[in-house]
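**Q** Residue numbers (the numbering used here), protein chains in the order written: chain R, 4 to 538; chain B, 3 to 228.
Mixed in with the good hints, there may be bad ones.
Pairwise CB distance ranges, derived in the manner of DEER restraints [stated by the list, open to error]:
#	chain 1	residue 1	chain 2	residue 2	range
1	R	Ala41	B	Glu103	23 to 33 Å
2	R	Glu492	B	Gln64	17 to 27 Å
3	B	Val146	R	Ser185	37 to 47 Å
4	R	Arg453	B	Ala61	16 to 26 Å
5	R	Met478	B	Ala52	30 to 40 Å
6	B	Pro47	R	Thr34	29 to 39 Å
Chain R is faced by these chain B residues, among others (derived, beta-carbon under 7 Å) [unchecked claim]:
#	residue
7	Met59
8	Met70
9	Tyr75
10	Pro106
11	Arg109
12	Arg110
13	Asp152
None of these hints come from the bench; they were simulated from the model.
Predicted model only: the values in this text are computed from it and were never measured.
Backbone N, C-alpha and C fix where the C-beta goes; we use that ideal spot for every residue, glycine too.
Chain residues, written in single-letter form:
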Amino acid sequence: MTQAEIKLCSLLLQEHFGEIVDKIGTHLIRTGSQPLRAIVHGTGTSLDQVKKALCVLIQHNLVTYQIHKRGIVEYEAHCSRILRILRYPRYIYTAKTLYSDTGELIVEELLLNGKMTMSAVVKKVADRLTETMEDGKTMDYAEVSSTFCRLADTHFVQRCPLVPDPPESAEAQPPPPAPTLSINEKDMYLVPKLNLIGKGKRRRSSDDDAAGEPRPKRPKQTAESKEPMPDDGIYWQANLDRFHQHFRDQSIVNAVANRMDQTSSEIVRTMLRMSEITTSSGAPFTQPLSSNEIFRSLPVGYNISKQVLDQYLTLLADDPLEFVGKSGDSGGGMYVINLHKALASLAMATLESIVQERFGSRCARIFRLVLRKKHLEQKQVEDFAMIPAKEAKDMLYKLLSENLISLQEIPKTPDHAPSRTFYLYTVNSLSAARMLLRRCYKSIANLIERRQFETRENKRLLEKSQRVEAILASMQATGAEEAQLQEIEEMITAPERQQLESLKRNVNKLDASEIQVDETIFVLESYAESTMKRS
Amino acid sequence: MAGNKGRGRASFTFNIEAIGFARGEKLPDVVLKPPPLYPDTDYKPVPLKADEAEEYMLALKQEFRATMKRTPYFMDTEEEKQEIERYSKRYLKSYKDDDLEWVPDWRRLPREMMPRKKLTKGPKRQRTKGTAKVPATLMSTVDVLKKIEDLEKKGDEEKSDEETDEKEGGKGKRKDDDDEEDEAADEQEEYDEEEQEEENDYINSYFEDGDDFGAESDDNMDEATY
Numbered sequence: 004m005t006q007a008e009i010k011l012c013s014l015l016l017q018e019h020f021g022e023i024v025d026k027i028g029t030h031l032i033r034t035g036s037q038p039l040r041a042i043v044h045g046t047g048t049s050l051d052q053v054k055k056a057l058c059v060l061i062q063h064n065l066v067t068y069q070i071h072k073r074g075i076v077e078y079e080a081h082c083s084r085i086l087r088i089l090r091y092p093r094y095i096y097t098a099k100t101l102y103s104d105t106g107e108l109i110v111e112e113l114l115l116n117g118k119m120t121m122s123a124v125v126k127k128v129a130d131r132l133t134e135t136m137e138d139g140k141t142m143d144y145a146e147v148s149s150t151f152c153r154l155a156d157t158h159f160v161q162r163c164p165l166v167p168d169p170p171e172s173a174e175a176q177p178p179p180p181a182p183t184l185s186i187n188e189k190d191m192y193l194v195p196k197l198n199l200i201g202k203g204k205r206r207r208s209s210d211d212d213a214a215g216e217p218r219p220k221r222p223k224q225t226a227e228s229k230e231p232m233p234d235d236g237i238y239w240q241a242n243l244d245r246f247h248q249h250f251r252d253q254s255i256v257n258a259v260a261n262r263m264d265q266t267s268s269e270i271v272r273t274m275l276r277m278s279e280i281t282t283s284s285g286a287p288f289t290q291p292l293s294s295n296e297i298f299r300s301l302p303v304g305y306n307i308s309k310q311v312l313d314q315y316l317t318l319l320a321d322d323p324l325e326f327v328g329k330s331g332d333s334g335g336g337m338y339v340i341n342l343h344k345a346l347a348s349l350a351m352a353t354l355e356s357i358v359q360e361r362f363g364s365r366c367a368r369i370f371r372l373v374l375r376k377k378h379l380e381q382k383q384v385e386d387f388a389m390i391p392a393k394e395a396k397d398m399l400y401k402l403l404s405e406n407l408i409s410l411q412e413i414p415k416t417p418d419h420a421p422s423r424t425f426y427l428y429t430v431n432s433l434s435a436a437r438m439l440l441r442r443c444y445k446s447i448a449n450l451i452e453r454r455q456f457e458t459r460e461n462k463r464l465l466e467k468s469q470r471v472e473a474i475l476a477s478m479q480a481t482g483a484e485e486a487q488l489q490e491i492e493e494m495i496t497a498p499e500r501q502q503l504e505s506l507k508r509n510v511n512k513l514d515a516s517e518i519q520v521d522e523t524i525f526v527l528e529s530y531a532e533s534t535m536k537r538s
Numbered sequence: 003m004a005g006n007k008g009r010g011r012a013s014f015t016f017n018i019e020a021i022g023f024a025r026g027e028k029l030p031d032v033v034l035k036p037p038p039l040y041p042d043t044d045y046k047p048v049p050l051k052a053d054e055a056e057e058y059m060l061a062l063k064q065e066f067r068a069t070m071k072r073t074p075y076f077m078d079t080e081e082e083k084q085e086i087e088r089y090s091k092r093y094l095k096s097y098k099d100d101d102l103e104w105v106p107d108w109r110r111l112p113r114e115m116m117p118r119k120k121l122t123k124g125p126k127r128q129r130t131k132g133t134a135k136v137p138a139t140l141m142s143t144v145d146v147l148k149k150i151e152d153l154e155k156k157g158d159e160e161k162s163d164e165e166t167d168e169k170e171g172g173k174g175k176r177k178d179d180d181d182e183e184d185e186a187a188d189e190q191e192e193y194d195e196e197e198q199e200e201e202n203d204y205i206n207s208y209f210e211d212g213d214d215f216g217a218e219s220d221d222n223m224d225e226a227t228y
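Using the sequences provided together with the hints, build the complete structure.
**A** This is the structure in structure tokens:
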């Protein structure tokens, strides 16, 4: 774990879970797998707080535990999973585009709570949807359940590993210090048969329903304390890998659309959709698909003839981008999508764009040249790029100092004499991608720090505006005159209002930047992962 | 050797033209300090994307953050009690959903995660019962010291021990009742004791405290006063 990653994880944990969880999570990332006592000792927090923090982290799938010899349980934090917190808005938005509001809320609740049972999710989502509907209408549980089933069928949500059933001879051996959770591959998307009948409930002050109202004494926990629901113990979580697969497919389709035209992108989209469930997410190629199958699976609106489809496929296969490859001739031609190549091209395009924006278009030209030609001498670079020697030299050294280009020595003689050695410039794509990835993490950490700084600086002003809003709300509830409301509003002076406006603008800009840097992170990370899996 | 141009004259071991400098040309300066913290950029960054999707995701992000703060998962450090209660605090309502106090599913977590129910009379009594069960492997110098302490106090606590034992027996049956559990509890209790030990240099019983000291941990216990 690089320093940049650790810093970013720490900031994310602090923002979403508070300082204590942050301290413990960061300690675990830094030191690796640790037992409970070591964590207490290392962080200096009390045992109770460590326990509570670990419970929260385990609930959200950020920390897992393992039983080691002698019955010691060790806890390990997953840095990469913590970094996914940045991508939560994107997951929720994707669910919205695919399954509309119901799907959006289901995924949001699952991400908010880490893991939940199906009945709990359905109930909560129905309640939330009912609140947004007009008076008198309520959301039926059945509709929410059906959306949940669809999400499970397309693998966007999956079951968490289950606690094993206790063996009959429970008295003979003492139970282990921690349950060994396991799940069968086939059962991962199996929806339990629940008979959820009901409608969402609205929060109303006159309602006697304990679920929707904060009372002075703590009300009973919803259904769980009355009787265990039939799906007790079966927890669901959001399947982030599937979402990543979806993002990857989307970016490939967009790339094809930009390069060629709409129809070819639709063909590629169809091919990807057909291989969704059959191909694992890490595979370099999809399963081969015959041209006949593709023709049958094209969306209904597209009535292109078989020959046109074949022509498009041939065009795609011959394209220098090599997204689509031809793997055989049976069934009218077998075609695969070259996932690894696609990811590599996307990552390289990102790299080139970064070089262009940072160093100018001439540097970008040199970079693209060295990328394509793999190894070039100084003189050759000048000739191919058609840039004067002095400038070319300058730019090459600038790129070299940024570690985007590296030097490869090829000796002519066994004594490696410098005067008799070739020095070639080359781009090591994987290491350049990793370096930029690290830089992205650092930029997001900077963005978060800056946002927190801005909020801290204007804390007093923010509190004042909150107070004024609260006063306004309470006065409006009790019915007040326009003049009084006006007076309260004027408690915030005009320059203060401006300050608040500019603060809001800055915070929004910083937040939006975080989301967009995360897109670059996704592309570079997928490329790095795909390359590592291949080698 | 002939052609010994190295003496007193700087020269490179390789052909300088191979990396593009002409002979005799001024080489670039050596960099002697780390790069500046905020370097100037020649090219300004491209503006952010501002389409609907991005705006919606921005709103989602901010809402998510705000909602997380209200969940029971968010563990804030407790602020120190302020001497003067500020008027402004009244209007900054905390929106913590208190009725959603979260209880994790204990079956899925390691057993050491469960909070131990501490007896009101303090940890020392439990240990007297527990230390007897500690197997040899877990004994350490700390345990030995504690045993010595316990033996000193045993005289005073004989009676109250019986009460504690009954209570402990009852409580033990409620949870999963086996050795490991007790050991774990003992370890934890011992650890707390150790922590307490380290805070003050003197063993509690060796000097007489004021009436208020130690009120939190040992409520009704009669301190062995000298």
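**Q** Work down the list of hints and note, for each, if the structure agrees.
**A** Right, here's what the structure says about each hint:
1. Ala41(R) to Glu103(B): 23 to 33 Å: holds (29 Å)
2. Glu492(R) to Gln64(B): 17 to 27 Å: Given a distance of about 24 Å, which is inside 17 to 27 Å, the answer is holds.
3. Val146(B) to Ser185(R): 37 to 47 Å: holds (42 Å)
4. Arg453(R) to Ala61(B): 16 to 26 Å: This hint holds: roughly 20 Å between Cβ atoms.
5. Met478(R) to Ala52(B): 30 to 40 Å: Since the Cβ atoms of Met478(R) and Ala52(B) sit about 37 Å apart, the hinted range of 30 to 40 Å holds.
6. Pro47(B) to Thr34(R): 29 to 39 Å: Check passed, 37 Å falls within 29 to 39 Å.
7. Met59: This interface hint holds because 4 Å falls under the 7 Å limit.
8. Met70: holds (5 Å)
9. Tyr75: Because about 5 Å separates Tyr75(B) from the closest Cβ in chain R, which is inside the 7 Å limit, the hint holds.
10. Pro106: Holds, because the Cβ-Cβ distance from Pro106(B) to chain R comes to roughly 5 Å (cut-off 7 Å).
11. Arg109: holds (5 Å)
12. Arg110: Where the cut-off is 7 Å and the nearest Cβ of chain R is about 6 Å from Arg110(B), the hint holds.
13. Asp152: For Asp152(B), the interface hint is violated, since the closest Cβ of chain R sits about 22 Å away, which is over 7 Å.
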